[in-house]
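Student: Sequence:
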Amino acid sequence: MASQQNDLPALPRAFRFTTHGIAPVNRVQLWEGHNAKALISLDIRTLDESPLHAAEVNLQFPYLRLAHVRGTAQIVERSESFIRQNPTEMVAIFFALAGDAFFYHRSGHELLKPGQAIMYDADLPFMRGFAEGLQELVLTVPRPLFLELSGGTGLNRPVRFDFGPGGVPQAQELARRIRTALAAQQPTDDAENTVLELFRSIASGGNAGSDAGYLAAAKGYIERHHGDPELSTAEVAAAVGISERQLGRAFAAAGLTPGRYVLGLRLDRGQELLASPAADGLSIGEIAARVGFLSQNYFARTFKERFSATPLQTRKAARAGIPLE
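In our numbering, the protein residues as written are 1 to 325.
Please note that the accuracy of each hint is not assured.
Distance windows between CB atoms, simulated [said to hold, decoys possible]:
| hint | residue 1 | residue 2 | range |
| --- | --- | --- | --- |
| 1 | R301 | N193 | 31 to 37 angstroms |
| 2 | V159 | A14 | 27 to 33 angstroms |
| 3 | A253 | G166 | 35 to 41 angstroms |
| 4 | R245 | G285 | 32 to 38 angstroms |
| 5 | L265 | A98 | 30 to 36 angstroms |
| 6 | A55 | A275 | 31 to 37 angstroms |
| 7 | Y298 | R245 | 24 to 30 angstroms |
| 8 | R179 | L47 | 26 to 32 angstroms |
| 9 | T257 | Q29 | 29 to 35 angstroms |
| 10 | E223 | N297 | 22 to 28 angstroms |
Since the hints were derived computationally from the structure, they do not count as laboratory data. This one's a predicted model, so the numbers in the text were calculated from it and none came from an experiment. Note that CB positions come from ideal geometry on N, CA and C, so glycine has one too.
Could you put together the complete structure from these sequences and hints?
Tutor: As structure tokens, then:
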């Protein structure tokens, strides 16, 4: 059978699957068929005679495959004989969102709880079980690309890491980026590159290419906290788990500084609010405060420098239906 990575799309492609409306007797077979097409081929069975309920949202990039998976109790397996018939040449990461799971492999077993992820070569035998059902995010990467990102280190054993509160910052941001891309279904042009850089930090153990991964994690933290006027470089660096100097170096590699990135993001969010009918009830001062400015005057001055228009002019143009530049 041809490797699944040969079927990767040239452009991002989104699709969904659900067992709803399918006769119970056919659900497992069609669930297996969907996963073979969208992620990796799996040998799937239920734990009892109860009908399988499952749903999946998928997004395929030129190199990466993302999924949000939900399902009732089931066991999924790739045995040696199954792998011979269904090779994938993929490395997969499973991010547990709900439900405990076991993961059996050649060297033992792992227990996975919500907020934990496991990374493994999908062409090595494994069995996963979900006694109470599952909800998870999945990322698959072609093995040759994984070896490039990891510095040539293969996966003979699964790697488990935390992405929940207190977990690895890059892993936290990676899970958020995957969830955001799946929710959008029409991801931005740089979505795959951002996921790849975050994945590189994990695959390399924080060594090769870590600056780009730190940068992506830092940007994610700033995007979530830009409305806090007290947001500082020290806070961002601490959240990402590096020094301020390392943070500055990561931004410098992209031709930025942390402060300039924060200011630019705040101005962009301010412009979005000024153009939004939902924010018509907010004064310009309230919008400035909402996006992290302590001074309305400073907001107005830097806004005009950035967009060649005042906040008031921008709001009037938006109400008149004039496209923003």
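Student: Which hint numbers doesn't this structure obey?
Tutor: Of the numbered hints, 3, 9 do not hold.
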